[in-house]
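Trainee: Protein chains in written order, with our numbering: chain S, 105 to 431; chain V, 105 to 431.
Hints may contain errors.
To be verified - Label-pair restraints from in silico Cβ distances:
#1 S/Asp400 x V/Asn124: 55 to 61 Å
#2 S/Leu159 x V/Arg280: 55 to 61 Å
#3 V/Gly278 x S/Pro273: 54 to 60 Å
#4 V/Ala271 x S/Lys129: 49 to 55 Å
#5 S/Asn249 x V/Thr153: 25 to 31 Å
#6 S/Arg183 x V/His187: 46 to 52 Å
As the list claims (entries may be wrong) - Reference excerpt, derived from the structure (chain V facing chain S, CB under 8 Å, subset only):
#7 Val356
#8 Pro367
#9 Val386
Keep in mind the hints are simulated off the structure, nothing from the lab. Where is the CB? At the ideal position from N, CA and C, for every residue including glycine.
Number of protein chains: 2
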Amino acid sequence: MTLILALDFGGTKLAAALVNIGSRKWLRYERRLSPANADASTDLEIMRTLIYSLLEDAKPAAIGVSFGGPVDASTGTVRLSHHVGGWENIPLKGLLEDEFGIPVGVDNDANVAALGEHRFGAGEGYDSLFYITVSTGVGGGWILNGKPWRGAGGMAGEIGHMVVDPAGPVCLCGKRGCVERLASGPYMAQNVREILEKEPQRRGGLRGGEVLKGLVGDNLELLTGQLVSEAAAAGDDLAKEVLYKAAWALGVGIGNVANLMNPQRFVLGGGVTKAGADFWQVLQRVARETALPEVDFEIVPAVLGDDAPLWGAVAIALIANPKFVNE
Amino acid sequence: MTLILALDFGGTKLAAALVNIGSRKWLRYERRLSPANADASTDLEIMRTLIYSLLEDAKPAAIGVSFGGPVDASTGTVRLSHHVGGWENIPLKGLLEDEFGIPVGVDNDANVAALGEHRFGAGEGYDSLFYITVSTGVGGGWILNGKPWRGAGGMAGEIGHMVVDPAGPVCLCGKRGCVERLASGPYMAQNVREILEKEPQRRGGLRGGEVLKGLVGDNLELLTGQLVSEAAAAGDDLAKEVLYKAAWALGVGIGNVANLMNPQRFVLGGGVTKAGADFWQVLQRVARETALPEVDFEIVPAVLGDDAPLWGAVAIALIANPKFVNE
Numbered sequence: 105m106t107l108i109l110a111l112d113f114g115g116t117k118l119a120a121a122l123v124n125i126g127s128r129k130w131l132r133y134e135r136r137l138s139p140a141n142a143d144a145s146t147d148l149e150i151m152r153t154l155i156y157s158l159l160e161d162a163k164p165a166a167i168g169v170s171f172g173g174p175v176d177a178s179t180g181t182v183r184l185s186h187h188v189g190g191w192e193n194i195p196l197k198g199l200l201e202d203e204f205g206i207p208v209g210v211d212n213d214a215n216v217a218a219l220g221e222h223r224f225g226a227g228e229g230y231d232s233l234f235y236i237t238v239s240t241g242v243g244g245g246w247i248l249n250g251k252p253w254r255g256a257g258g259m260a261g262e263i264g265h266m267v268v269d270p271a272g273p274v275c276l277c278g279k280r281g282c283v284e285r286l287a288s289g290p291y292m293a294q295n296v297r298e299i300l301e302k303e304p305q306r307r308g309g310l311r312g313g314e315v316l317k318g319l320v321g322d323n324l325e326l327l328t329g330q331l332v333s334e335a336a337a338a339g340d341d342l343a344k345e346v347l348y349k350a351a352w353a354l355g356v357g358i359g360n361v362a363n364l365m366n367p368q369r370f371v372l373g374g375g376v377t378k379a380g381a382d383f384w385q386v387l388q389r390v391a392r393e394t395a396l397p398e399v400d401f402e403i404v405p406a407v408l409g410d411d412a413p414l415w416g417a418v419a420i421a422l423i424a425n426p427k428f429v430n431e
Numbered sequence: 105m106t107l108i109l110a111l112d113f114g115g116t117k118l119a120a121a122l123v124n125i126g127s128r129k130w131l132r133y134e135r136r137l138s139p140a141n142a143d144a145s146t147d148l149e150i151m152r153t154l155i156y157s158l159l160e161d162a163k164p165a166a167i168g169v170s171f172g173g174p175v176d177a178s179t180g181t182v183r184l185s186h187h188v189g190g191w192e193n194i195p196l197k198g199l200l201e202d203e204f205g206i207p208v209g210v211d212n213d214a215n216v217a218a219l220g221e222h223r224f225g226a227g228e229g230y231d232s233l234f235y236i237t238v239s240t241g242v243g244g245g246w247i248l249n250g251k252p253w254r255g256a257g258g259m260a261g262e263i264g265h266m267v268v269d270p271a272g273p274v275c276l277c278g279k280r281g282c283v284e285r286l287a288s289g290p291y292m293a294q295n296v297r298e299i300l301e302k303e304p305q306r307r308g309g310l311r312g313g314e315v316l317k318g319l320v321g322d323n324l325e326l327l328t329g330q331l332v333s334e335a336a337a338a339g340d341d342l343a344k345e346v347l348y349k350a351a352w353a354l355g356v357g358i359g360n361v362a363n364l365m366n367p368q369r370f371v372l373g374g375g376v377t378k379a380g381a382d383f384w385q386v387l388q389r390v391a392r393e394t395a396l397p398e399v400d401f402e403i404v405p406a407v408l409g410d411d412a413p414l415w416g417a418v419a420i421a422l423i424a425n426p427k428f429v430n431e
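Just chain S, with the same shape it has in the complex (with noise of 0.2 Å):
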């Protein structure tokens, strides 16, 4: 019994599993969520509760670990994190590896959800996929050669700022028409809104907008994506409007990734991808007409959920500790 401690710092979560190699079960499993005040200290003290507490008497073999945000893999240091203060260049894999002694592997959460799809979900057999979460923003993460490419400074996998609209609204970034400006769920609500507000009419009438207004009074301020979507599933013209869009952008940028890299499988995780069958024909037609007639690929939904980092950290756990590289 050779047990892998596989650990997932969340932007808002934290979470620890410990499962044996060769298992697609935990064998144990512990999840917190982040106090509103969290800092780098605070969430590294939570986890080390949950740790110890998993632990008891056992010895794991290695630990993976998921950071939810840019991090140096080469040296598992992270960079920072755009929701928890205090994690500016903290030497993650160092301090559990003196705390622990046993190999430790970190990587940011995007590179360690496309590997756990690749090595026990959706990518299972393909050797080169391009994993997308398309949730609060639009992250990627590449499996090449059945490796993470990371990118020369660790930076690829950005499909969320490809441009596919220049006419299109701004966004964070500065720039007009990207993915994630068009297809992350809180874009899609504010989408909604700007909509309204240029077009009043719209609000509660035959064009759309009835369904949405009755999931949030008059308070536009309380949509979300996940309205958005239900919305449309309830027949609204608004919603199917902006939803539809979210699809195009991301089958566009699918479609340009298609041509450009030419990898197996896309496999799409993250909550607006639940937005049911009418979104996924949308995206398919689309990034189906996009590519060229001659590249071939296909792209399923994402099946580790919630769970994905925390099978990727399995997966990094596995490649830090030498003794694994062919487990």
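Since the structure of chain S is already known, use the hints to place chain V on it.
Mentor: Leaving out everything else, chain V in the frame of chain S:
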């Protein structure tokens, strides 16, 4: 003295060269235009003549081949040529190995040129680069981890059909606003013609076109990408508008690729990239604006020129013969 034979089956020309391993100068070099009614067998016959004329009594240790069309590099089989008939499923590697009894490597011209620039040109010492040729078409080739990345089906590198302006003009591929539709030489000439048809008052007027008109008289069919570049350099506003739109399209494409793959370098070759400092300035600025601030990259001109496929073929030959993997 160990010799390598490099072959270039271009769309309109055939070239062969002989080089000593380690040397940066051709020992011998032959080039012939492909006849107007060429097919695969006449091209092969001409190439055999070139080879035997080059070799005399010399015995090379390996052969590398650049082919101007889709190739299955794993088997060295040509899929087809878009310029010359009869190339469908020709096992070029096998034919040459049978005739010369030495290891042969075959790949398509964009991948080969990328490898040439990587080993002997503007990409020397860089582990990850994207080579882009901007000429009658726009294509690209990847080097990742120091090796070609061809994609699951050998189709990677197609930046030419990345959509950068979904409201732009219709491309031969059926989509609107592809990089190639805005930036290839023939399409730049077409864009000038289309603007003059739509706005005839610009023909020779103050708003540009006068230099272009001088270059081709009234026969706009004579326009080429190179003439557009020359007119832009001479200050023609219409030519500048079309040329800078091409630079913009390339800049958006490169910035998107930088976000997605984070390579160290972009190496740009092909006639259009010789359009001068203003073209490069627009391209560099737009690429920098399109990429995220934390994504670093350089864009540099190719240095091997028309010989890039032949030098790349040398690299392909070195890879094909296992004795030379570390050369």
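Trainee: Does each hint hold? Answer for all of them.
Mentor: Structure-based check of all given hints:
For the pair S/Asp400 and V/Asn124, the supplied restraint of 55 to 61 Å is violated, since their beta-carbon distance comes to about 41 Å. Separated by about 57 Å at the C-beta atoms, S/Leu159 and V/Arg280 satisfy the suggested range of 55 to 61 Å. Checking the proposed 54 to 60 Å range against V/Gly278 and S/Pro273 shows it is violated: the Cβ atoms sit about 27 Å from each other. Range check, V/Ala271 to S/Lys129: about 51 Å between beta-carbon atoms, so the 49 to 55 Å window is met.
Under the hint 25 to 31 Å, the C-beta atoms of S/Asn249 and V/Thr153, about 40 Å apart, miss the expected range. Against the hinted window of 46 to 52 Å, the Cβ-Cβ separation of S/Arg183 and V/His187 comes to about 49 Å, which satisfies the hint. A cut of 8 Å between beta carbons decides the hint on V/Val356: the least distance to chain S is about 6 Å, and the hint holds. Annotation: V/Pro367 was flagged as interfacial toward chain S, and the flag holds, the nearest CB pair being 6 Å apart, inside 8 Å.
Below 8 Å, beta-carbon pairs count as interface contacts, and V/Val386 has none with chain S, the closest being about 15 Å; its hint is therefore violated.
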